[in-house]
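Chains L and R supply the protein sequences, listed in that same order. In terms of my numbering, the numbers along the first sequence are unbroken and rise by one, the last being 861. In terms of my numbering, the numbers along the second sequence are unbroken and rise by one, the last being 297.
Where hints are given, some of them may not hold.
Keeping only pairs whose Cα atoms sit at most 30 Å apart, straight-line, the calculated DSSO-like set for lysine-lysine is [to be verified]:
hint	chain 1	residue 1	chain 2	residue 2
1	R	Lys-105	L	Lys-689
2	L	Lys-692	R	Lys-77
3	L	Lys-692	R	Lys-297
4	R	Lys-48	L	Lys-692
5	R	Lys-105	L	Lys-692
6	R	Lys-48	R	Lys-293
7	R	Lys-105	R	Lys-42
8	L	Lys-692	R	Lys-42
9	R	Lys-297	R	Lys-105
10	R	Lys-293	L	Lys-689
11	R	Lys-297	R	Lys-42
12	L	Lys-689	R	Lys-77
13	R	Lys-77	R	Lys-42
14	R	Lys-293	R	Lys-42
Sample of chain R residues lacking proximity to chain L, with all beta carbon distances greater than 10 Å (derived) [unchecked claim]:
hint	residue
15	Leu-59
16	Ile-112
17	Gly-114
18	Leu-115
19	Leu-116
20	Pro-119
21	Ala-147
22	Ser-156
23	Leu-181
24	Val-234
25	Ala-239
26	His-260
27	Ala-277
28	Leu-283
29	Asp-295
Sample of chain R residues at the chain L side, in silico, Cβ under 8 Å [what the hints assert, rightly or not]:
hint	residue
30	Val-32
31	Glu-43
32	Val-107
33	Lys-118
34	His-123
35	Ser-201
36	Lys-297
Worth flagging that the hints you see were computed from the coordinates, not collected in a lab. Owing to the predicted nature of the structure, the values given are computational and were not obtained by experimental measurement. Don't be surprised by glycine CBs; every beta carbon is placed ideally from N, CA and C.
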Amino acid sequence: MARYAIRLQELTKDYPTGFWRPRAVRALDHVSLDVEPGEVLGYLGPNGAGKTTTLKLLMQLIYPTFGRAEILGRPAGDIEAKRRLGYLPESPYFYDNLTAEELLVYFGGLFGLTPSVARTRASTLLDRVGLGAERRRRLRKYSKGMLQRVGIAQALVNDPEVVFLDEPMSGLDPVGRRDTRELIRSLRDEGRTVFFSSHILSDAEALCTRVAITVQGRLVSTGRLADLAFEVQGWELIVHGGDSAALVGLGLDAVTTVSDGRHVIELPFDRPPDQVLPELSRLRFQVVSLTPRHESLEDYFMRLVARRQAPAA
Amino acid sequence: MSVIPRIAAQVFKESVRDKVLYNLVLFAVLLIAASYLIGQLSAGQDVKIIKDLGLAATQIFGLFIAVFIGIGLVSKEVERRSIYGLLSKPVRRHELILGKYVGLVLTLAVNVAVMAVALYAVLGYMSWAETEEFRQGWEASATDPAMLAAILLIFVQLMLVTAIALFFSTFSSPILSAVLTFGLFVVGHFNADLRNFENVVDSPVAASLARVLYYALPNLAPFDVKAQVVHAHPVSLGYVALTSGYAAAYIGALLLAAVFIFSKRDFK
Ligand SMILES: Nc1ncnc2c1ncn2[C@@H]1O[C@H](COP(=O)(O)OP(=O)(O)OP(=O)(O)O)[C@@H](O)[C@H]1O
Ligand SMILES: [Mg+2]
Numbered sequence: 549m550a551r552y553a554i555r556l557q558e559l560t561k562d563y564p565t566g567f568w569r570p571r572a573v574r575a576l577d578h579v580s581l582d583v584e585p586g587e588v589l590g591y592l593g594p595n596g597a598g599k600t601t602t603l604k605l606l607m608q609l610i611y612p613t614f615g616r617a618e619i620l621g622r623p624a625g626d627i628e629a630k631r632r633l634g635y636l637p638e639s640p641y642f643y644d645n646l647t648a649e650e651l652l653v654y655f656g657g658l659f660g661l662t663p664s665v666a667r668t669r670a671s672t673l674l675d676r677v678g679l680g681a682e683r684r685r686r687l688r689k690y691s692k693g694m695l696q697r698v699g700i701a702q703a704l705v706n707d708p709e710v711v712f713l714d715e716p717m718s719g720l721d722p723v724g725r726r727d728t729r730e731l732i733r734s735l736r737d738e739g740r741t742v743f744f745s746s747h748i749l750s751d752a753e754a755l756c757t758r759v760a761i762t763v764q765g766r767l768v769s770t771g772r773l774a775d776l777a778f779e780v781q782g783w784e785l786i787v788h789g790g791d792s793a794a795l796v797g798l799g800l801d802a803v804t805t806v807s808d809g810r811h812v813i814e815l816p817f818d819r820p821p822d823q824v825l826p827e828l829s830r831l832r833f834q835v836v837s838l839t840p841r842h843e844s845l846e847d848y849f850m851r852l853v854a855r856r857q858a859p860a861a
Numbered sequence: 030m031s032v033i034p035r036i037a038a039q040v041f042k043e044s045v046r047d048k049v050l051y052n053l054v055l056f057a058v059l060l061i062a063a064s065y066l067i068g069q070l071s072a073g074q075d076v077k078i079i080k081d082l083g084l085a086a087t088q089i090f091g092l093f094i095a096v097f098i099g100i101g102l103v104s105k106e107v108e109r110r111s112i113y114g115l116l117s118k119p120v121r122r123h124e125l126i127l128g129k130y131v132g133l134v135l136t137l138a139v140n141v142a143v144m145a146v147a148l149y150a151v152l153g154y155m156s157w158a159e160t161e162e163f164r165q166g167w168e169a170s171a172t173d174p175a176m177l178a179a180i181l182l183i184f185v186q187l188m189l190v191t192a193i194a195l196f197f198s199t200f201s202s203p204i205l206s207a208v209l210t211f212g213l214f215v216v217g218h219f220n221a222d223l224r225n226f227e228n229v230v231d232s233p234v235a236a237s238l239a240r241v242l243y244y245a246l247p248n249l250a251p252f253d254v255k256a257q258v259v260h261a262h263p264v265s266l267g268y269v270a271l272t273s274g275y276a277a278a279y280i281g282a283l284l285l286a287a288v289f290i291f292s293k294r295d296f297k
């Protein structure tokens with residue numbers, strides 16, 4: 549067995565731009581990173597940091613300018629490695645004319661599954677991502693969030709050892725995000741390696757054994773999220789039951805009511821949850837989840853840069 | 030099992046559902062049926078006209094299917110980015126190209142067969158409806174099996190056109206690919222003229238350029254044996270084999286080039 553599930557060595561990618569005067573844009577700059585089997589790695593960075601580029605290099609959708617990427621001890625693009633991995637592309641798109649079930653059966657077939665095995669697996673997976681009822685609908689009629697869920701299901705069709713997810717939470721509503729978080733957690737519990745990209749810290753917080761942070765194509769830090777100092781700016785609280793009218797009385801202004809009696813409450817920094825929770829439980833609300841909202845990665849980098857520059861000035 | 034048959038089967042399944050394809054085939058079948066009416070207007074000539082129109086319809090509609098589906102096969106995957114999902118499966122890039130090609134050839138085979146059956150049905154009806162005396166006047170019987178040679182060569186030609194469309198679509202936009210493919214289809218029919226070019230011009234540069242083009246561009250005229258078949262001139266098995274062999278070599282070269290280009294591409 550390979551020592552590392554994923555290994556990036558000096559991975560570098562230049563995109564040529566400009567037709568008349570070609571100039572290379574360096575999207576990824578000598579990134580080296582090792583991920584051990586069973587790890588859940590959050591690959592974080594602000595927009596344009598090079599996250600998607602890294603994942604495309606790992607899938608060999610693009611070729612590196614320099615360096616190499618390995619999955620399960622094999623070079624990117626290797627067919628044996630591809631048998632054992634799953635990939636959710638960024639804002640995935642599949643085939644308009646297929647139903648979710650047909651898509652999964654087709655992809656399952658590419659892994660050598662027989663149609664009946666693939667169909668069974670398709671229905672299990674579509675139930676798992678909450679699309680059981682829509683499995684026979686054409687993908688043309690799917691919303692962005694539903695396509696995202698299909699994308700997650702198709703990434704798991706071969707029961708992969710390593711799962712790559714590019715912005716798995718994008719396009720999902722709060723409940724969808726929570727479901728996806730739970731799904732990633734269960735992938736981790738099943739012993740799979742998960743490599744997911746995000747620009748939202750709270751996504752990583754609940755799930756990751758480790759994060760890697762990139763800015764402008766460079767890896768700036770790796771480690772446990774708790775060890776990297778992010779400031780908490782507020783909380784996202786999801787509650788269930790109770791009387792929604794009563795929430796207004798609490799002076800909570802950022803309340804959204806989502807499906808089946810759930811309410812999403814955005815708590816600002818000056819209303820910490822320990823102040824609000826007793827009130828809510830008195831009103832017979834049950835807490836579904838509580839997630840801190842950290843400063844954005846962009847803010848973190850601004851601070852990091854400012855701190856670096858301060859002693860010199 | 031290789032993934033090529035799976036990809037091919039998927040192309041076939043999807044194109045069978047394609048409304049454009051239905052309409053094209055339906056229209057071709059209607060046209061073949063309508064040729065019966067046109068044939069009625071020209072006494073004695075009718076069976077030739079029906080054969081001629083029927084074979085021409087098979088070729089032209091096959092051409093539309095080959096080009097319009099052919100250029101979309103790969104370029105749509107790239108443009109809509111569905112290729113990201115597909116290539117992350119255990120699929121090598123050459124398998125994707127070959128699977129798509131085989132799938133479309135399969136689709137074309139079924140369509141050409143449908144059109145051929147429609148043509149034979151019209152001709153068979155005609156033969157049955159006419160008097161024995163009248164039938165004697167025809168150069169070849171209405172349901173002359175020699176027409177199969179013409180249909181086979183049309184199909185082989187369509188396989189070649191499909192390979193051209195696929196080749197262009199691996200590196201250029203769908204519209205440009207369509208224009209280039211139709212362009213080559215037309216040029217391919219007048220290819221033989223390039224050979225005689227040196228007798229017409231004095232410039233040795235122009236003459237050798239014409240020679241290079243003559244060998245490089247596909248020669249599509251030999252696939253067209255409609256006139257022979259309609260006038261009951263025999264088309265030998267050797268001729269069919271030789272022409273098909275030429276097509277096979279050309280298709281092989283095109284697919285090789287398509288795979289080569291496609292394998293080096295970045296999908297951004
Ligand atoms: N096809 C391309 N041509 C030229 N430059 C590109 C191309 N794709 C990406 N880039 C550049 O490469 C850099 C990294 O882009 P990438 O898509 O990997 O970022 P990202 O981290 O995934 O961002 P996001 O959070 O917005 O998805 C950006 O500066 C971007 O402008
Ligand atoms: Mg991205």
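Hint by hint, here is what the structure shows:
1. Proposed proximity of R:Lys-105 and L:Lys-689 is supported: the alpha carbons are some 19 Å apart, at most 30 Å.
2. Simply put, L:Lys-692 and R:Lys-77 have alpha-carbon atoms about 57 Å apart, too far for the 30 Å limit, and the pair is violated.
3. As the CA atoms of L:Lys-692 and R:Lys-297 are separated by approximately 21 Å, the hinted pair is consistent with the 30 Å bound.
4. Our distance criterion of 30 Å between C-alpha atoms is met by R:Lys-48 and L:Lys-692, whose separation comes to about 26 Å.
5. Of the supplied pair hints, the one linking R:Lys-105 and L:Lys-692 holds, its CA atoms being roughly 20 Å apart against a limit of 30 Å.
6. Between R:Lys-48 and R:Lys-293, the direct Cα distance comes to roughly 34 Å. Violation of the 30 Å bound is thereby established for this hinted pair.
7. Distance check on the hinted pair: R:Lys-105 and R:Lys-42 sit about 16 Å apart at the alpha-carbon level, within 30 Å; holds.
8. Using a Cα cut-off of 30 Å, the hinted pair L:Lys-692 and R:Lys-42 holds, with the two alpha carbons roughly 25 Å apart.
9. Taking the CA atoms of R:Lys-297 and R:Lys-105, the gap is about 14 Å. The hint holds against a cut of 30 Å.
10. Note on R:Lys-293 and L:Lys-689: the hinted pairing is violated, with a Cα-Cα distance of about 34 Å set against a maximum of 30 Å.
11. Restraint check for R:Lys-297 and R:Lys-42: satisfied, since their Cα atoms lie roughly 28 Å apart, inside the 30 Å limit.
12. A hinted pair counts as satisfied when its Cα atoms are at most 30 Å apart, and L:Lys-689 with R:Lys-77 does not qualify at roughly 50 Å.
13. Distance check on the hinted pair: R:Lys-77 and R:Lys-42 sit about 36 Å apart at the alpha-carbon level, beyond 30 Å; violated.
14. Pair hint R:Lys-293 plus R:Lys-42 holds up; C-alpha atoms about 29 Å apart against a cutoff of 30 Å.
15. In this structure R:Leu-59 is separated from chain L by more than 10 Å, as the shortest Cβ-Cβ distance comes to about 25 Å.
16. Listed as a non-interface residue, R:Ile-112 fails to keep its Cβ farther than 10 Å from every Cβ of chain L; the least gap is roughly 8 Å.
17. Not every C-beta of chain L lies more than 10 Å from that of R:Gly-114, the closest at about 6 Å, which undercuts listing it as non-interface.
18. A cut-off of 10 Å between C-beta atoms contradicts the statement that R:Leu-115 is not in contact with chain L; the least separation is 8 Å.
19. With 10 Å as the threshold on Cβ separation, the claim that R:Leu-116 sits away from chain L is violated: the shortest Cβ distance comes to roughly 6 Å.
20. With a cut of 10 Å on Cβ distances, R:Pro-119 falls inside the contact zone with chain L, its closest approach being about 4 Å.
21. In this structure R:Ala-147 is separated from chain L by more than 10 Å, as the shortest Cβ-Cβ distance comes to about 27 Å.
22. Every CB of chain L lies more than 10 Å from the CB of R:Ser-156, the least distance being 42 Å, so the non-interface label holds.
23. Distance check on R:Leu-181: its Cβ is at least 31 Å (rounded) from any Cβ of chain L, clearing the 10 Å threshold; non-interface status holds.
24. At roughly 30 Å, the least C-beta separation between R:Val-234 and chain L is larger than 10 Å, which holds for a residue marked as non-interface.
25. Against the 10 Å criterion, R:Ala-239 stays outside the reach of chain L, whose nearest CB is about 32 Å from its own CB.
26. Here R:His-260 stays apart from chain L, with its beta-carbon at least about 45 Å from theirs, past the 10 Å limit.
27. Taking the minimum C-beta to C-beta distance to chain L, about 28 Å, the non-interface status of R:Ala-277 holds against the 10 Å cut.
28. With a minimum CB-CB distance of about 24 Å to chain L, R:Leu-283 clears the 10 Å threshold, and the non-interface call stands.
29. Remark: the non-interface label on R:Asp-295 conflicts with the geometry, its nearest Cβ contact in chain L lying 4 Å away (cut-off 10 Å).
30. For R:Val-32, the shortest C-beta to C-beta distance to chain L is roughly 5 Å, which falls under 8 Å, so the interface hint holds.
31. Among the interface hints, the one on R:Glu-43 holds; its C-beta lies about 6 Å from the nearest C-beta in chain L, closer than the 8 Å criterion.
32. Because the closest C-beta pair between R:Val-107 and chain L is about 10 Å apart, greater than 8 Å, the hint is violated.
33. The interface hint given for R:Lys-118 is met, as the beta carbon of that residue sits about 4 Å from the closest beta carbon of chain L, less than 8 Å.
34. Interface restraint check for R:His-123: the shortest CB-CB distance to chain L comes to about 12 Å, outside 8 Å, so the restraint is violated.
35. For the restraint placing R:Ser-201 at the interface with chain L, the shortest Cβ-Cβ distance is roughly 15 Å, beyond the 8 Å limit, so the hint is violated.
36. For R:Lys-297, the interface hint holds, since its Cβ comes within 8 Å of a Cβ in chain L; the closest pair sits about 6 Å apart.
In summary, the numbered hints that this structure violates are 2, 6, 10, 12, 13, 16, 17, 18, 19, 20, 29, 32, 34 and 35.
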